[in-house]
Amino acid sequence: MKRDWIPLVLVPAVAVAALPLVGSPSSWVTLTLAGLAMGLMIFVMASGLTLTFGLMDVLNFGHGAFIAVGAYVAASVMLAMTPWMTADSLWTNLVAVGPAVLAAIVVSGALGLGFERVIVRPVYGQHLRQILVTTGGLIVAEQLLKVIWGPEQITLSRPTALRGAFLWGDVAIEKYRLLAVVVGLAVFAVLAITLNRTRIGLLIRAGVENGEMVEALGYRIRRLFVGVFVAGSALAGLGGAMWGLYQETITAAIGAQVAVLVFIVIIIGGLGSVGGCFIGALLVGLTANYVGFIAPKVALGSNILLMALVLLWRPQGLFPVARR
Amino acid sequence: MTETLLSLRGVKTDIGRYHILHGVDFDVPEGRLTMLLGRNGAGKTTTLRTIMGLWRAVAGEIVFAGENITRMSTPDIARLGIAYVPETMAIFADLTVQENIVLAARSGPPDSARLDWIFGRFEALKRFWTLPAGNLSGGQKQMLAVARAIIEPRRLLLIDEPTKGLAPAIIANMIDAFRELKDGAVSLLVVEQNFAFARALGDDVAVMDDGRVAHVGTMAAFAADTGLQQHLLGLGMGEHQ
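Just so you know, the protein sequences line up as chains D and P, in that order. Sequential numbering of the first sequence, starting at 1, is according to the working numbering. Sequential numbering of the second sequence, starting at 1, is according to the working numbering.
I should point out that these hints are in silico values taken from the structure, not numbers from a laboratory. The beta carbon of each residue, even a glycine, is placed where N, CA and C say it ideally should be. It is possible that part of the hints are untrue.
Claimed, not checked - A few chain D residues that face chain P, going by a derived Cβ cut-off under 7 Å, partial list only: (1) A161; (2) L162; (3) A165; (4) L202; (5) A206; (6) E209; (7) N210; (8) M213; (9) E215; (10) Y219; (11) R220.
As the list claims (entries may be wrong) - Reference listing, derived: stretches of chain P covered by chain D, where coverage requires no fewer than 3 residues with Cβ under 8 Å from a Cβ of chain D: (12) 26-37; (13) 122-130; (14) 160-166.
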């Protein structure tokens with residue numbers, strides 16, 4: 001088994017291939033950054049879900065609930081701190097954004113803990129029930145969001161310092177998208193270091209391959225799973241907060257809508273693979289933006305087409321995890 | 001008289017709707033190597049997995065070192081000092097050889113003297129130390145699976161078909177390694193189809209047939225009784241390998 005570099009080349013290959021189709025280099029740079037930003041936000045939301053599936057074979061269709069809750073909680077905090085959000089200083093803006101994002105992470109993580117205990121735990125090893133019960137959990141969560149925050153969509157403006165774009169000649173780089181890229185890369189770096197340089201990461205990687213053998217070595221994989229589930233929920237909350245600011249409108253369906261992209265990403269990447277999830281997310285983000293520009297009429301189906309092509313080439317995804 | 005380390009009494013295990021073990025009774029004495037023999041489908045692997053808690057006994061009792069482990073979780077059973085090498089080897093293919101060993105050394109970094117002893121027996125593991133374990137050959141994967149079980153001192157090793165697909169030279173190394181472990185007061189329960197290996201290594205034998213233990217005794221007595229071998233295994237031991 002050699003290191004598989006081919007999927008790594010896909011992202012730059014797609015970007016280079018899109019250049020002549022887009023035509024204008026400045027538009028290409030803008031679209032590429034937009035695609036990377038979108039992809040990295042999806043990666044933040046999807047990374048926990050792929051590990052959850054890898055570790056315990058749990059199909060959590062309720063993952064969108066954590067995304068939606070993260071978006072609503074962050075929006076509430078930011079709206080309550082409007083004077084800080086509208087100040088001209090970046091640091092003053094961050095006084096509002098920081099606690100908002102932190103609150104989204106904490107509340108989504110706590111919700112994840114309860115969700116695992118009440119909804120997921122009784123249906124371990126039963127895929128059909130997992131799908132039904134977690135989908136039900138998502139529906140209940142959406143209705144509860146409407147009860148708490150009302151049925152109307154919430155409009156959320158980005159903080160002043162993150163509006164607009166940096167201009168370099170003809171190239172416009174949106175500030176918020178640049179921030180999303182930085183945060184997404186930071187999350188990927190932390191996950192990569194945790195998985196590859198720590199004992200807990202070693203356990204997670206081994207557990208994704210063969211949880212039963214990890215247990216036979218004396219490790220309690222259920223506890224590990226709960227930890228990963230909570231961390232994944234918290235990351236979904238962070239992603240939801242970022243996605244809410246990206247869209248600037250929030251509805252109770254925000255989680256379910258973006259969850260479609262999240263599932264496409266983890267299937268493309270290979271269920272259980274964080275590296276695959278990262279590459280898959282970038283591909284989805286870039287494809288959506290390039291196709292949206294080049295052929296807007298087919299933009300809606302572009303990610304489904306991408307998934308179909310990847311699965312025709314590699315039925316187990318880009319980086320299939322060696323399973324027992 | 002040798003103390004009993006592991007005892008199974010009336011153990012029954014179901015897998016789904018199927019009754020696999022119908023009341024298994026045998027003992028594993030301390031510091032000895034017990035061979036678990038039987039035809040394919042007799043219930044040997046199920047017995048090991050039931051001891052390890054990977055499948056639940058629906059009836060009966062499993063006692064290890066005086067403690068009832070029948071209802072214990074697999075990690076708790078492992079923490080009592082029982083190591084398990086499954087028939088599939090279950091190495092972590094995406095992890096390096098080193099990472100596989102580090103993970104198995106639960107109490108901290110692997111002891112260097114013990115690691116050197118393992119490298120002495122299974123030299124390939126040293127050579128491929130930093131490579132993904134999925135790159136190893138079948139025999140090398142088996143070495144890694146055994147090395148993972150013995151990287152820290154354990155009281156009982158449960159090993160399912162350790163010689164499956166191995167070259168004779170590696171089997172000889174495996175026999176030496178198991179003898180040295182036994183001399184170091186480790187007890188072993190080994191499922192085996194290679195009768196030459198079983199005869200060379202086993203002190204005691206339990207022979208399974210249709211989910212029950214049909215015979216227990218010393219390996220020496222069993223090896224001498226070709227009629228019993230014919231009756232329980234279908235062939236005399238001399239006809240195997």
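To see whether the hints hold, each was checked on the structure:
At its closest, the beta carbon of A161 of chain D sits 43 Å from a beta carbon of chain P; the interface hint therefore is violated under the 7 Å criterion. Interface hint status for L162 of chain D: violated, as the beta-carbon distance to the closest one in chain P is roughly 39 Å, over 7 Å. Look at A165 of chain D: its Cβ only gets to about 41 Å from chain P, farther than 7 Å, so that hint breaks. For the restraint placing L202 of chain D at the interface with chain P, the shortest Cβ-Cβ distance is roughly 6 Å, inside the 7 Å limit, so the hint holds.
Satisfaction of the interface hint for A206 of chain D is found here, the shortest Cβ-Cβ separation to chain P being roughly 5 Å, below the 7 Å cut-off. With a least beta-carbon distance of about 5 Å to chain P, the hint placing E209 of chain D at the interface is held under the 7 Å criterion. With 7 Å as the threshold, the beta carbon of N210 of chain D comes within range of chain P, its nearest partner Cβ sitting at about 5 Å, so the hint holds. Checking M213 of chain D against chain P: minimum C-beta separation of about 4 Å stays under 7 Å; hint holds.
For E215 of chain D, the suggested interface contact is upheld, since its CB lies about 4 Å from the closest CB of chain P, less than 7 Å. The restraint placing Y219 of chain D at the interface with chain P holds, with a minimum CB-CB distance near 6 Å, inside the 7 Å limit. Checking R220 of chain D against chain P by beta carbon gives a least distance of about 5 Å; that is within 7 Å, so the hint holds. Given a C-beta distance limit of less than 8 Å, the hint that chain D covers the region 26-37 of chain P is violated, as 0 residues qualify and 3 are needed.
Counting residues of the region 122-130 of chain P whose beta carbon lies closer than 8 Å to any beta carbon of chain D gives 0, which falls below the threshold of three, so the coverage claim is violated. With 0 residues bearing a CB less than 8 Å from a CB of chain D, the region 160-166 of chain P misses the requirement of three and the coverage assertion fails.
Going through the hint list in order, the structure does not satisfy hints 1, 2, 3, 12, 13, 14.
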